[in-house]
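There are 2 protein chains.
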Amino acid sequence: MNEVILYDYWRSSASYRVRIALCLLGIPYRTEPIDLVAGMHKSPEFRERNPQGLVPALQIDGVLLTQSLAIIEYLDETHKGADFLPNDAVGRQHVRALSHVIAMDIHPVCNLGVVGNVMKMAEAHGDDPTEIRLAWMRKYIAEGLNAFERLLDPANSGGFCHGDRPSMADICLIPQVFNAKRWGVDIGGLNAVNRIAERCLAMDAFARAHPDLCPR
Amino acid sequence: MNEVILYDYWRSSASYRVRIALCLLGIPYRTEPIDLVAGMHKSPEFRERNPQGLVPALQIDGVLLTQSLAIIEYLDETHKGADFLPNDAVGRQHVRALSHVIAMDIHPVCNLGVVGNVMKMAEAHGDDPTEIRLAWMRKYIAEGLNAFERLLDPANSGGFCHGDRPSMADICLIPQVFNAKRWGVDIGGLNAVNRIAERCLAMDAFARAHPDLCPR
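Chains A and B, in that order, are what the protein sequence lines are.
For the first sequence, position 47 (counting from the first letter as 1) is numbered 46 according to numbering that gives the first Met the number 0, and the numbering increases by one without interruption.
For the second sequence, position 212 (counting from the first letter as 1) is numbered 211 according to numbering that gives the first Met the number 0, and the numbering increases by one without interruption.
Only chain A is shown next, with the shape it has when bound in the complex (with noise of 0.2 angstroms):
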């Protein structure tokens, strides 16, 4: 078998996604860090593999992979037992609803670059960036992971999002619970997703995937 390589960079929570897929199959990877913050995802080299530029991306199985969900879904459907979505449509529905509560509505608006921009308005008006950055990462995380736990199902007593396995919804959550302590933002009143955090932490595959273990 080919090796297989991650682009990422450990404070990336989609990057943290695909770790956890990763770790969750037991598929041995190495990491090629790219560094956003030091511009290395702009580099001519790293374009030339993924023209947008952004991390994740996997190489396996003789191709490139870009878009972390879309990479969770080939894994899911290249790794029998996987099961990151269920048997039934619905339930893979929801599941990818879920998912998408994160990766669409919360995630884009509070990526590197766009809060970069917001940042910039701020200062050429004499605001404190910092400031404003912290006030947009809390607004979109609060707003969305608020949604997120009202979307859960309330007859779902498996302990994860969706019945009592990691799916591609608890992938997705994780990484967006870690960002949400990091940026302060108060979600102590979510039952549901800080139990579902607590079960997920406790597993040695997320326990791997997490960014303080990152080679940078």
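No lab work stands behind these hints: they were computed from the structure.
On a predicted model such as this, the values are computed, not experimentally measured, just so you know.
Because identical chains share one entry, a pair is satisfied inside a single copy or across any pair of copies.
Calculated cross-link-like contacts (lysine-lysine; reagent style DSS-like; alpha-carbon spacing at most 25 angstroms):
id: 1; residue 1: K119; residue 2: K138
id: 2; residue 1: K119; residue 2: K41
id: 3; residue 1: K138; residue 2: K180
Fit chain B to the supplied structure of chain A, relying on the hints for placement.
Same frame as chain A, but now just chain B:
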């Protein structure tokens, strides 16, 4: 069969995607217009249905589904011959990645709420909010569609984003091209995007889903 109801807003490109999918499948549906500009999505009645307060939401098969791409995947799985995703795992990954370039990296950043927030910031400083909005839209739509063009497989001569029939990627592309035109983004140089758009727009299903034909 129970009535299919689409909670829709004519100008929402996420709604437009689901309209295209329903039209491609020939599924009859009733539109329940949710006027985002009038704030109807924030009403308690609608929040009761969809806690996120977003369109589209689709009532079908006895359940209410949210999140446009998760709805489209559901329709694909439950309707034989939909073929919104190709048969091979690498092909499916490519179609999903293309779809996510639009649905994650362009659309959420240009969404009414986020742009409204940016406009408020501009206004507070005496800037012209409509100018700021225009620059914001043009920047993110242009960058995103340029990346989309480069991610299309140059060896694909099928006439659509992937292969020789409309996939989820085409379903995402057409509303984004509509938006690009609305905001005066110059996409004249994106040859593949323009060729695909022309081909899709000549199809009856894409034509019937157009915003101008929506009940309001």
